[in-house]
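Trainee: Take the given structure of chain B and dock chain H to it, following the hints.
Below, each chain spelled out in residue letters.
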Amino acid sequence: GESVGLHLPTLSVQEGDNSIINCAYSNSASDYFIWYKQESGKGPQFIIDIRSNMDKRQGQRVTVLLNKTVKHLSLQIAATQPGDSAVYFCADFGAGSYQLTFGKGTKLSVIP
Amino acid sequence: GAGVSQSPSNKVTEKGKDVELRCDPISGHTALYWYRQRLGQGLEFLIYFQGNSAPDKSGLPSDRFSAERTGESVSTLTIQRTQQEDSAVYLCASSSYGATNEKLFFGSGTQLSVL
Numbered sequence: 001g002e003s004v005g006l007h008l009p010t011l012s013v014q015e016g017d018n019s020i021i022n023c024a025y026s027n028s029a030s031d032y033f034i035w036y037k038q039e040s041g042k043g044p045q046f047i048i049d050i051r052s053n054m055d056k057r058q059g060q061r062v063t064v065l066l067n068k069t070v071k072h073l074s075l076q077i078a079a080t081q082p083g084d085s086a087v088y089f090c091a092d093f094g095a096g097s098y099q100l101t102f103g104k105g106t107k108l109s110v111i112p
Numbered sequence: 001g002a003g004v005s006q007s008p009s010n011k012v013t014e015k016g017k018d019v020e021l022r023c024d025p026i027s028g029h030t031a032l033y034w035y036r037q038r039l040g041q042g043l044e045f046l047i048y049f050q051g052n053s054a055p056d057k058s059g060l061p062s063d064r065f066s067a068e069r070t071g072e073s074v075s076t077l078t079i080q081r082t083q084q085e086d087s088a089v090y091l092c093a094s095s096s097y098g099a100t101n102e103k104l105f106f107g108s109g110t111q112l113s114v115l
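If you're matching them up, the sequences are chains B and H in order. With the working numbering applied, the first sequence covers 1 to 112. With the working numbering applied, the second sequence covers 1 to 115.
Next up, chain H with everything else stripped away, as it sits in the complex:
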């Protein structure tokens, strides 16, 4: 597609359930990022994938969070045993090469609500 696509756009779940969020980056982009945005806050880095390199997972808040990426395409962010504090918008972004002088293109995010 023309832009970064995320699904679902909204997800409501019960505390303790697992959720999977999906991201389709811009075709040809080798770098993919996940960010979390709590209500009224800035973006918190979660994880970064670049090609076949080991991902940078330094931003994942706990071992309940994990992410996978298939080659240079789709990525899935999984949150296990969700907690109310996980409620936030989860944003995915991609860039051409993952360089530190490249802008990131963002999707519209998944609004996660944990009841």
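For reference, chain B alone in the conformation it holds in the complex:
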């Protein structure tokens, strides 16, 4: 079946550097994408979302880029901080489905 997946399971970055987390999706009909952050022992926390009529959206220190041509999504975190250490998931709704589908996640570790 169609699914959302991630390229890298782990990512280590130095504090202050920028982080880029990638995600490939297979459902060409998907029109809404969400990035979640999950810290240990907690539920997923909404970070940022983007609709398919956009290719870029910025939040506070985070930017999401959407490339519909190659069905690729990325999350950029500027000036990464220790508090950014967590697992990051991308997610989308399949065509005609109310099931929000998650990838396996990327673990981001920030080195002080």
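Think of the hints as simulated: they come from the structure by calculation, not from any bench. Any given hint could be a false lead.
[Claimed, not checked] Restricting the straight-line Cα-Cα distance to at most 30 Å, the calculated cross-link-like pairs of lysine-lysine (DSS-like) are: (1) Lys11(H) <-> Lys42(B); (2) Lys15(H) <-> Lys42(B); (3) Lys71(B) <-> Lys103(H); (4) Lys103(H) <-> Lys68(B); (5) Lys104(B) <-> Lys56(B); (6) Lys68(B) <-> Lys15(H); (7) Lys71(B) <-> Lys104(B); (8) Lys104(B) <-> Lys57(H); (9) Lys56(B) <-> Lys107(B); (10) Lys15(H) <-> Lys57(H); (11) Lys71(B) <-> Lys17(H); (12) Lys104(B) <-> Lys11(H); (13) Lys11(H) <-> Lys107(B); (14) Lys68(B) <-> Lys104(B); (15) Lys103(H) <-> Lys57(H); (16) Lys57(H) <-> Lys71(B); (17) Lys56(B) <-> Lys68(B); (18) Lys107(B) <-> Lys17(H); (19) Lys68(B) <-> Lys11(H); (20) Lys103(H) <-> Lys42(B); (21) Lys56(B) <-> Lys103(H); (22) Lys71(B) <-> Lys56(B); (23) Lys42(B) <-> Lys56(B); (24) Lys104(B) <-> Lys42(B); (25) Lys107(B) <-> Lys71(B); (26) Lys17(H) <-> Lys57(H); (27) Lys57(H) <-> Lys11(H); (28) Lys42(B) <-> Lys107(B); (29) Lys107(B) <-> Lys68(B); (30) Lys104(B) <-> Lys103(H); (31) Lys103(H) <-> Lys11(H).
Note that the structure is a prediction, hence the values are computed from the model and not measured.
Mentor: Relative to chain B, chain H alone:
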């Protein structure tokens, strides 16, 4: 409350016992979801409730799993005759209308351990 509330936060049970997990969604949210997250894995969809519509139960892994929701409020996920492979974090989420362009708000989950 301000967010999605789940209880208990931790549950340890013996194989073969039944367990009930509770979820209080954000007040006013009509849609409620249950997900399962095994250790180190992503989230697996279990069930979706939207208002008074028939729930989408397509993600329930077996007939030992069931869920109920009272109106647009509390939901209970029941696992009968628990097995060790049921050990996981069970996450509940809610959204305003259950639309496919709405973000979900998650609770902190119930960590279920089946011995």
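Trainee: Hint by hint, note whether the structure agrees.
Mentor: Hints and how they fare:
Between the alpha carbons of Lys11(H) and Lys42(B) the distance comes to roughly 15 Å, so the proposed pair stays at or under 30 Å and holds. For the proposed pair Lys15(H) and Lys42(B), the alpha carbon gap of about 25 Å is at most 30 Å, so the pair holds. With a CA separation close to 20 Å, the supplied pair Lys71(B) and Lys103(H) stays within the 30 Å bound. This hinted pair checks out: Lys103(H) and Lys68(B) have alpha carbons roughly 20 Å apart, not beyond 30 Å.
For a cut-off of 30 Å, the pair hint linking Lys104(B) to Lys56(B) stands: about 23 Å separates their Cα positions. At roughly 46 Å between alpha-carbon atoms, Lys68(B) and Lys15(H) are farther apart than 30 Å, so this suggested pair is violated. Restraint check: the Cα-Cα separation between Lys71(B) and Lys104(B) comes to about 17 Å, which is no more than 30 Å; the hinted pair holds. The straight-line distance between the Cα atoms of Lys104(B) and Lys57(H) is roughly 22 Å, inside the 30 Å bound, and the hint therefore holds.
This hinted pair checks out: Lys56(B) and Lys107(B) have alpha carbons roughly 23 Å apart, not beyond 30 Å. Of the supplied pair hints, the one linking Lys15(H) and Lys57(H) holds, its CA atoms being roughly 24 Å apart against a limit of 30 Å. Proximity of Lys71(B) to Lys17(H) is assessed by CA-CA distance (about 44 Å); at most 30 Å being required, the pair is judged violated. Of the pairs offered as hints, the one joining Lys104(B) and Lys11(H) holds, with about 24 Å between alpha carbons and a cut-off of 30 Å not exceeded.
At roughly 26 Å between alpha-carbon atoms, Lys11(H) and Lys107(B) fall within 30 Å of each other, so this suggested pair holds. This hinted pair checks out: Lys68(B) and Lys104(B) have alpha carbons roughly 21 Å apart, not beyond 30 Å. Restraint check for Lys103(H) and Lys57(H): satisfied, since their Cα atoms lie roughly 20 Å apart, inside the 30 Å limit. Note on Lys57(H) and Lys71(B): the hinted pairing holds, with a Cα-Cα distance of about 29 Å set against a maximum of 30 Å.
Restraint check for Lys56(B) and Lys68(B): the C-alpha separation of about 11 Å stays at or below 30 Å, so the hint holds. Between Lys107(B) and Lys17(H) the alpha-carbon distance is near 34 Å, which puts this suggested pair outside the 30 Å criterion. For the given pair, Lys68(B) sits about 43 Å from Lys11(H) by alpha-carbon distance, which is inconsistent with the 30 Å threshold. The hinted pair formed by Lys103(H) and Lys42(B) meets the criterion: a straight-line CA distance of about 17 Å does not exceed 30 Å.
With a C-alpha separation of about 18 Å, the suggested pairing of Lys56(B) with Lys103(H) holds against the 30 Å cut-off. The straight-line distance between the Cα atoms of Lys71(B) and Lys56(B) is roughly 14 Å, inside the 30 Å bound, and the hint therefore holds. For the given pair, Lys42(B) sits about 28 Å from Lys56(B) by alpha-carbon distance, which is consistent with the 30 Å threshold. A threshold of 30 Å between alpha carbons decides the hint, and for Lys104(B) with Lys42(B) the separation of about 16 Å falls inside it, so the pair holds.
In summary, the hint linking Lys107(B) to Lys71(B) is supported, as the alpha carbons are separated by about 22 Å, within the 30 Å threshold. A threshold of 30 Å between alpha carbons decides the hint, and for Lys17(H) with Lys57(H) the separation of about 22 Å falls inside it, so the pair holds. Proposed proximity of Lys57(H) and Lys11(H) is supported: the alpha carbons are some 23 Å apart, at most 30 Å. A C-alpha spacing of about 14 Å is found between Lys42(B) and Lys107(B), which places the hinted pair at or below 30 Å, so the restraint holds.
A threshold of 30 Å between alpha carbons decides the hint, and for Lys107(B) with Lys68(B) the separation of about 24 Å falls inside it, so the pair holds. Annotation: proposed proximity of Lys104(B) to Lys103(H) holds, straight-line Cα distance about 18 Å (limit 30 Å). Taking the CA atoms of Lys103(H) and Lys11(H), the gap is about 28 Å. The hint holds against a cut of 30 Å.
Hints 6, 11, 18, 19 from the list above are not met by this structure, while the remaining hints are.
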